[in-house]
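Peer 1: Here is how the chains run, residue by residue.
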Amino acid sequence: MRLGTVIGRVTLSVRHRAFSGERLLIALPWGPQTAQTGQGHDYSIVVYDELGANLGQTIGISESGEASHPFPKPTPVDAYCSALVDDVFFQAEEPKR
Amino acid sequence: MRLAIIRGYVVSTIKHASFEGCRLLIAQPVDEKDAPDGAPQVVIDPLGTALHQKVIISSDGSWLREHLKDPKSPGRWWVQAIVDPERSLAR
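Residue numbers (our numbering), protein chains in the order written: chain S, 1 to 97; chain W, 98 to 188.
Errors might be hidden in some of the hints.
Each computed DSBU-like pair below joins lysine-lysine, with the alpha-carbon atoms no more than 30 angstroms apart [to be verified]:
hint : chain 1 : residue 1 : chain 2 : residue 2
1    : W       : Lys-130   : S       : Lys-73
2    : W       : Lys-166   : S       : Lys-96
3    : W       : Lys-166   : W       : Lys-151
4    : W       : Lys-130   : W       : Lys-151
5    : W       : Lys-130   : S       : Lys-96
6    : W       : Lys-169   : S       : Lys-73
Hints listed in this document are in silico derivations from the structure and should not be mistaken for laboratory results. Fair warning: this is a prediction, and the values are worked out from it, not measured in the lab.
If we strip away everything but chain S, and leave its shape as in the complex, we get (with noise of 0.2 angstroms):
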């Protein structure tokens, strides 16, 4: 699972029939970097939200084959957002003694 900012919204018009009632958001995926200097993050994706999560907020973003799991039929999604995340904790490096 990897962290993500939620940046926008996607609406569609046609649509996969597994897809009905869909909410799909934008997300940038956190790099190395980004839990301390806010910049660097990867390019954008487009994430399956099932919690209701909003512009500006931070997610955890589950991906690859686990993403389609939580569904009861098979369900072309390759990234799923499986929490909402109120904080973080990041520490880069160990504080020196």
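Assemble chain W onto chain S, guided by the hints.
Peer 2: Using the frame of chain S, we list chain W on its own:
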């Protein structure tokens, strides 16, 4: 399986039901010189790892689904082992 260092943790109230009660840590994958290598991953920690400990994280989602007792869990990465810092051969 990748070498990683635990660099933080995540607090999440609303999450997939299978993650209820799990520790969610941020693991930074590292190379042989402990330099960051790739995006940090949120991992499930069944071992009780401390901050800044070096670990092996595994992408075996099927073991995790068995551990969480939920075949529909979207979890993938978890802490498989803690590296002994005094016996590591990498220089």
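Peer 1: Hints first: check each against the structure and report whether it holds.
Peer 2: Verification of the supplied hints:
1. At most 30 angstroms may separate the alpha-carbon atoms for a hinted pair to count; W/Lys-130 and S/Lys-73 exceed this at roughly 44 angstroms.
2. Annotation: proposed proximity of W/Lys-166 to S/Lys-96 is violated, straight-line Cα distance about 40 angstroms (limit 30 angstroms).
3. In summary, the hint linking W/Lys-166 to W/Lys-151 is supported, as the alpha carbons are separated by about 27 angstroms, within the 30 angstroms threshold.
4. With a CA separation close to 12 angstroms, the supplied pair W/Lys-130 and W/Lys-151 stays within the 30 angstroms bound.
5. Distance hint between W/Lys-130 and S/Lys-96 is fulfilled; the C-alpha atoms sit about 19 angstroms from each other, no more than 30 angstroms.
6. At most 30 angstroms may separate the alpha-carbon atoms for a hinted pair to count; W/Lys-169 and S/Lys-73 meet this at roughly 11 angstroms.
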